[in-house]
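Using the sequences provided together with the hints, build the complete structure.
Chains A and B, in that order, give the protein sequences. Counted from 1, the first sequence has number 96 at position 96 by my numbering; the numbering is strictly sequential. Position in the second sequence (from 1) plus 1000 gives the number in my numbering.
Do not take every clue at face value.
Unchecked claim - Under the rule of at most 27 Å between Cα atoms (straight-line distance), these lysine-lysine pairs were calculated in the DSS-like manner:
| no. | chain 1 | residue 1 | chain 2 | residue 2 |
| --- | --- | --- | --- | --- |
| 1 | B | 1017 | A | 131 |
| 2 | A | 161 | A | 131 |
| 3 | A | 109 | A | 149 |
| 4 | A | 109 | B | 1105 |
| 5 | B | 1120 | B | 1100 |
| 6 | A | 161 | A | 149 |
| 7 | B | 1120 | A | 149 |
| 8 | A | 109 | B | 1100 |
| 9 | A | 109 | B | 1023 |
| 10 | B | 1120 | A | 131 |
| 11 | A | 5 | A | 41 |
| 12 | B | 1123 | A | 131 |
| 13 | A | 109 | A | 12 |
| 14 | A | 149 | B | 1017 |
| 15 | B | 1083 | B | 1041 |
| 16 | A | 158 | A | 81 |
| 17 | B | 1017 | B | 1100 |
| 18 | A | 174 | A | 149 |
No lab work stands behind these hints, which were simulated from the structure alone.
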Amino acid sequence: MAEVKQGDQFPKDVELSYIPIDISNLELLDPLACQRPINLKLDSLFGVEGKIVIVAVPGAFTPTCTENHIPPFITHLAQLKEKLDVNHILIISTNDAFVNNAWGKLLLKQGLRGVKIDGEVPKVYFASDTKGSFSQPLGLFNAEADRTKRYALIVDQKTAKFDYVGVEVERGVKFSGIDAVLSARL
Amino acid sequence: MSQITVDDKFPTSVNPKYVPYAKANDHLTACANPIELNLAKEFAGKTVVVTAAPGAFTPTCTEQHIPDYLKHLQDFKDKGVSKIIVLTANDPFVLAAWGKALGYKDEENYIVFASDPLSKISKSLGDSYVEDLSAAGFGVRTGRYVVIVKNGVIDYLANEDGLGFSEISSANTVLERL
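The following block contains the structure:
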């Protein structure tokens, strides 16, 4: 499958399963409390000004993702809004919605502790790309491992086109990290 | 596929993988590398309890099933159980985080949270020991069941009818059978 590239159109009818996380009171975030997953319909996010950032990781709770890749996105929410006008940030993996939710709560609790949030920040979702149904058609899936590749995408909500596609080609975080996203030429 | 029954050997052709708990990785989001749990070695000359659940961080497993076992760890020890193995089809990283989140933080690793890769171990017990939740996007999961293994041989096994948790797989039921 050819990899998606900058300027390509975002696919229609994408739905990702997730459990909403309310970051307004971090103390209430309990990774052991499980709610029912619901579907996020990506189509509903388009048609307005702003950007969506999608960051995919091979697995929740795995070393690189947990220690290096995702935490900087959480600590840079304000910058993502300010610099790129990001309204939504989706962290996705092939893990199920329960696992992603527990992981998301922990990372948000950890990353936002002591951080004062003034003004608007992007809405954060930890969502499941079940069996890679989103990543696979974009050429962003590692079928052998049955996991998504590690990548970051910036999507324009007005045009529904990809503004940035950063995919890791080896271990580590370079093209899909917060620095690459914040300095993407849009 | 034929069902495995009491007095059969617990299959050991596939080993589960797990991340042993260590103080150095105490934090919920700290992770170490998974290792293989050698079932044949764990079973030799010992009594082991194997219990499976459909998924880490899912409501029933997290709220009822595994906490019930965690409450009775000393009782299992008193009955001569050398190890409790919790299996799900999640990967070892997820399981390690789940174990810690459930509050088990002991370097003894008496209870291990181990990954049944693609539910292969459960499948080898029989088709009714796995649940195909693909339609819900969860893939093939381990069912909810419990097995007492004595010196590698199945002494007792009980499978929940469906995904719920009842006295069938409760800690008390198992303790009575030991």
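Quick one, are residue 161 of chain A and residue 149 of chain A close enough, alpha carbons at most 27 Å? 20 Å, holds
Compare the distance between the alpha carbons of residue 1120 of chain B and residue 1100 of chain B with 27 Å, and conclude whether the hinted pair is satisfied. 25 Å, holds
Need the status of pair residue 174 of chain A, residue 149 of chain A: alpha-carbon distance at most 27 Å? Between residue 174 of chain A and residue 149 of chain A the Cα gap is close to 13 Å, so the pair holds against 27 Å.
Given the hinted pair residue 158 of chain A and residue 81 of chain A, is their Cα-Cα distance within 27 Å? Between residue 158 of chain A and residue 81 of chain A the Cα gap is close to 16 Å, so the pair holds against 27 Å.
Would the pair residue 5 of chain A and residue 41 of chain A pass a check requiring their Cα atoms to be no farther apart than 27 Å? At roughly 22 Å apart (the allowed maximum being 27 Å), residue 41 of chain A and residue 5 of chain A satisfy the hint.
Check whether the Cα positions of residue 109 of chain A and residue 1105 of chain B lie no farther apart than 27 Å. Given pair residue 109 of chain A, residue 1105 of chain B holds - Cα atoms ~20 Å apart, limit 27 Å.
Pairwise hint evaluation, residue 1017 of chain B against residue 149 of chain A, where the allowed Cα distance is 27 Å at most: Holds - the C-alpha atoms of residue 1017 of chain B and residue 149 of chain A are around 22 Å apart, at most 27 Å.
Is the hinted pair residue 1120 of chain B and residue 131 of chain A satisfied, with a Cα-Cα distance of at most 27 Å? 18 Å, holds
Hint consistency between residue 109 of chain A and residue 149 of chain A [alpha-carbon to alpha-carbon, up to 27 Å]: This hinted pair holds, its Cα atoms lying about 26 Å apart.
Is it true that the CA of residue 109 of chain A sits at most 27 Å from the CA of residue 1023 of chain B? 21 Å, holds
Could you grab the alpha-carbon distance between residue 109 of chain A and residue 1100 of chain B and see if it respects the 27 Å cut-off? 16 Å, holds
Please verify whether residue 109 of chain A and residue 12 of chain A have alpha carbons no more than 27 Å apart. Violated - the C-alpha atoms of residue 12 of chain A and residue 109 of chain A are around 33 Å apart, more than 27 Å.
Hint check: a violation occurs at hint 13 only; the rest are consistent with the structure.
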